[in-house]
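Asks: Whenever a hint applies, use it, and build me the whole structure from the sequences.
Keeping their order, the protein sequence lines are chains D and X.
Numbers given in the working numbering equal positions in the first sequence, counted from 1, plus 26.
Numbers given in the working numbering equal positions in the second sequence, counted from 1, plus 26.
These aren't lab readings, by the way, just hints derived from the structure by calculation.
Hints are not guaranteed to be accurate.
One copy or two, it doesn't matter: identical chains are merged, so the pair holds either way.
Under the rule of at most 30 Å between Cα atoms (straight-line distance), these lysine-lysine pairs were calculated in the DSS-like manner [claimed, not checked]: (1) 297 to 61; (2) 198 to 228; (3) 198 to 55; (4) 165 to 61; (5) 55 to 165; (6) 297 to 275; (7) 177 to 55; (8) 61 to 177; (9) 198 to 271; (10) 297 to 177; (11) 165 to 228; (12) 61 to 228; (13) 311 to 275; (14) 165 to 311; (15) 275 to 61; (16) 275 to 198; (17) 228 to 275.
Quick caveat: nothing in here was measured; it's all calculated off a predicted structure.
Below are the chains, spelled out letter by letter.
Number of protein chains: 2
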Amino acid sequence: MSISQTAVSRAGVSVASIDSFHVGGEVVKLHDQPKLQMRVAGKGVAREVDLNGSYMTGQVYANHVRLNQSEHDFPVMFWHGGAMTGVTWESTPDGRPGWQWLFLEAGYDVIVTDAVERGRASWSPYPQIYNTPPVFRTKEESWAMYRFGPKSGYHDDVASRVPFVGQRFPMKGFDALAAQLVPRWTTHDDMTLDAYEALLRKVGPVHLVTHSQGGWFGLNMVLRAPELIKSLVVIEPAGAPHLSKDDAKRIAHIPHMFVWGDYIEDVPAWKNYRQAADEFMINLKDYGGQSELLDLPSQGIRGNSHVPMMDDNSAEIAALVSEWITRTTKTA
Amino acid sequence: MSISQTAVSRAGVSVASIDSFHVGGEVVKLHDQPKLQMRVAGKGVAREVDLNGSYMTGQVYANHVRLNQSEHDFPVMFWHGGAMTGVTWESTPDGRPGWQWLFLEAGYDVIVTDAVERGRASWSPYPQIYNTPPVFRTKEESWAMYRFGPKSGYHDDVASRVPFVGQRFPMKGFDALAAQLVPRWTTHDDMTLDAYEALLRKVGPVHLVTHSQGGWFGLNMVLRAPELIKSLVVIEPAGAPHLSKDDAKRIAHIPHMFVWGDYIEDVPAWKNYRQAADEFMINLKDYGGQSELLDLPSQGIRGNSHVPMMDDNSAEIAALVSEWITRTTKTA
Numbered sequence: 027m028s029i030s031q032t033a034v035s036r037a038g039v040s041v042a043s044i045d046s047f048h049v050g051g052e053v054v055k056l057h058d059q060p061k062l063q064m065r066v067a068g069k070g071v072a073r074e075v076d077l078n079g080s081y082m083t084g085q086v087y088a089n090h091v092r093l094n095q096s097e098h099d100f101p102v103m104f105w106h107g108g109a110m111t112g113v114t115w116e117s118t119p120d121g122r123p124g125w126q127w128l129f130l131e132a133g134y135d136v137i138v139t140d141a142v143e144r145g146r147a148s149w150s151p152y153p154q155i156y157n158t159p160p161v162f163r164t165k166e167e168s169w170a171m172y173r174f175g176p177k178s179g180y181h182d183d184v185a186s187r188v189p190f191v192g193q194r195f196p197m198k199g200f201d202a203l204a205a206q207l208v209p210r211w212t213t214h215d216d217m218t219l220d221a222y223e224a225l226l227r228k229v230g231p232v233h234l235v236t237h238s239q240g241g242w243f244g245l246n247m248v249l250r251a252p253e254l255i256k257s258l259v260v261i262e263p264a265g266a267p268h269l270s271k272d273d274a275k276r277i278a279h280i281p282h283m284f285v286w287g288d289y290i291e292d293v294p295a296w297k298n299y300r301q302a303a304d305e306f307m308i309n310l311k312d313y314g315g316q317s318e319l320l321d322l323p324s325q326g327i328r329g330n331s332h333v334p335m336m337d338d339n340s341a342e343i344a345a346l347v348s349e350w351i352t353r354t355t356k357t358a
Numbered sequence: 027m028s029i030s031q032t033a034v035s036r037a038g039v040s041v042a043s044i045d046s047f048h049v050g051g052e053v054v055k056l057h058d059q060p061k062l063q064m065r066v067a068g069k070g071v072a073r074e075v076d077l078n079g080s081y082m083t084g085q086v087y088a089n090h091v092r093l094n095q096s097e098h099d100f101p102v103m104f105w106h107g108g109a110m111t112g113v114t115w116e117s118t119p120d121g122r123p124g125w126q127w128l129f130l131e132a133g134y135d136v137i138v139t140d141a142v143e144r145g146r147a148s149w150s151p152y153p154q155i156y157n158t159p160p161v162f163r164t165k166e167e168s169w170a171m172y173r174f175g176p177k178s179g180y181h182d183d184v185a186s187r188v189p190f191v192g193q194r195f196p197m198k199g200f201d202a203l204a205a206q207l208v209p210r211w212t213t214h215d216d217m218t219l220d221a222y223e224a225l226l227r228k229v230g231p232v233h234l235v236t237h238s239q240g241g242w243f244g245l246n247m248v249l250r251a252p253e254l255i256k257s258l259v260v261i262e263p264a265g266a267p268h269l270s271k272d273d274a275k276r277i278a279h280i281p282h283m284f285v286w287g288d289y290i291e292d293v294p295a296w297k298n299y300r301q302a303a304d305e306f307m308i309n310l311k312d313y314g315g316q317s318e319l320l321d322l323p324s325q326g327i328r329g330n331s332h333v334p335m336m337d338d339n340s341a342e343i344a345a346l347v348s349e350w351i352t353r354t355t356k357t358a
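Replies: Shown next, in the form of structure tokens:
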């Protein structure tokens, strides 16, 4: 990006198109459901609601913003974590520009996704179509799992909350983050990977930037469809598959970046997830693959939570990631 | 819009910012729920899931795109219908530019919303927080309710479907539309109006463009917060409240536009909804208010369905609406 282009980008971005669409999934048909009498709009009388019929299920939602003058050959595709949606990559909970915007400013076309059964991807009746119930994330659980502070530090009263020392997540945005959380199912890995593979086949190769459960999915997806992933960024992945030598060789040409925040040692679940991801990373390196570890605390950047794209240094981390993608994947 | 600006807009739009946020709702706390053991990510072991705790519920999601050079004093805010989300206003199901894009091209800042319990607004556990179950829309119901064709014209097999003669909805996009549909609750009118009123108070006055159930809500909202609505477009509203003489006087200065497609006589539910909306419109006029009827068939535009923002003439109708807003609300 030249200096003059930087000046332009500070005045906004010139957008060529905004497309959204759903991809993947299948039609399922329900039979023998009882008919209901329900009021469905306004204060009118009840009308018959018939659940029998056909539904789309298993689709993923994508929003694709194209720049007038993209500076890179491939778009960045964002894949959010569990209990979240594409909103992860939009404005931060305290109202600063999100990574969607920052990557547009960096000259990338950007695809933001809502995973299967979350947000605009929609969800299906259970137990009729899904065979398990959803899981919900409480404010208390997000406080602990996003490593904002010790469990004992969460209180209903905002002023009484005690985060970890040096915490960079903007505490005034905590309730706004809680408003973003969505229900999720825990048994839909294959359905989700199928839909995202269909999405990747539709939009072509991407730089895939993933978070948390999306990182778990990303590390599985690169094994499924290595030809569609130009680089893979996994931010705080919630686990990783075992990487065999043969698999490592298949993906050895794809640059991988692993990003970790602070306070991992304070939350046992994250110690375990990190161990699995570290094993993947080490195996990848041992077998000749490209992987970069962006361990923020060991680089002197302390205080990041599980959601660095929302922390007070989110723009700085976005720049580290986008510059790594550009540097690692540019053709000579 | 001058000719030179039109030329610029054909090359895209210059965007100053994309902000998204949730507004409204409240925190509720669940107690005494049984703890569950569930696998929540990857193929790892089960972990304890504790539903007890605090949730945000009742919030609305908004996505606000600001132009570098907005040509109008107030943004357009879009409010979708039942079983749908803000995706209504994005790309059409057959991949043409949606009304979000067309209104940006027309020089308006644009706010797209996902209503309470739909899409990115999220939804809450039932029966624990919501006291009723959701309703789901089948492909068969949307075929009939969106007035694509007679009930008997729907078939699983795409090639066998028989739409109304002259139907403008792009039939090759029907399954893509079905993929957009989301569950909804039928008992949350007050919760929804509360959240949207909070949203309007946050963003300031808007031109409110509504569809279907969103039209029912819009006609209630203008009575709640007339100071926050510069003009109101109700596209195929699913009903209307009774408008008293006193209420009509309070909103008489606000231009209203009612938009209707074709085939109303073929679907009894829509004859009833239209009758209620016509009564609102006639009362508004009788008491000195401003209302315009854009009855597409009587203007010689035949074949529009219940979703004119997706039909093959969606850009033409967007232009009729945006030009009406500009003409009716411009300050001399």
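Asks: How do residue 297 and residue 275 come out at 30 Å by Cα distance, when the copy is not named: within, between, both, or neither?
Replies: within (27 Å within a copy, 64 Å between copies)
Asks: How do residue 61 and residue 177 come out at 30 Å by Cα distance, when the copy is not named: within, between, both, or neither?
Replies: Between. Shortest inter-copy distance 17 Å satisfies the 30 Å Cα cut-off; intra-copy 46 Å does not.
Asks: 30 Å Cα cut-off: does residue 165 pair with residue 311 within a copy, between copies, both or neither?
Replies: So residue 165 and residue 311 fail the 30 Å test inside a copy (38 Å) and across (49 Å) alike.
Asks: How do residue 177 and residue 55 come out at 30 Å by Cα distance, when the copy is not named: within, between, both, or neither?
Replies: between (44 Å within a copy, 17 Å between copies)
Asks: How would you classify residue 55 and residue 165 at a CA-CA limit of 30 Å: within, between, both, or neither?
Replies: This pair counts as between: shortest inter-copy Cα distance 10 Å, intra-copy 36 Å.
Asks: Quick one: residue 165 to residue 61, C-alpha cut-off 30 Å, is that within a copy, between copies, both, or neither?
Replies: Answer is between: at 16 Å across copies they meet the 30 Å cutoff, but 37 Å inside does not.
Asks: My question is about residue 198 and residue 228: at a cut-off of 30 Å on alpha-carbon distance, are they close within one copy, between copies, both, or neither?
Replies: So residue 198 and residue 228 pass the 30 Å test across copies only (17 Å; inside, 39 Å).
Asks: Please sort residue 297 with residue 61 into within, between, both or neither, judging by C-alpha distance up to 30 Å.
Replies: between (49 Å within a copy, 23 Å between copies)
Asks: How would you classify residue 165 and residue 228 at a CA-CA limit of 30 Å: within, between, both, or neither?
Replies: between (36 Å within a copy, 24 Å between copies)
Asks: Under a CA distance limit of 30 Å, which applies to residue 228 and residue 275: within one copy, between copies, both, or neither?
Replies: Cα proximity of residue 228 and residue 275: one copy only (26 Å, versus 53 Å across).
Asks: Tell me, please, which holds for residue 297 and residue 177 at an alpha-carbon limit of 30 Å: within, between, both or neither?
Replies: within (16 Å within a copy, 56 Å between copies)
Asks: When no copy is named, should residue 275 and residue 198 be tagged within, between, both, or neither for a Cα gap of at most 30 Å?
Replies: Answer is neither: 46 Å inside a copy and 42 Å across each miss the 30 Å cutoff.
Checked against the numbered hints given earlier, this structure breaks hints 9, 12, 14, 15 and 16; the rest are met.
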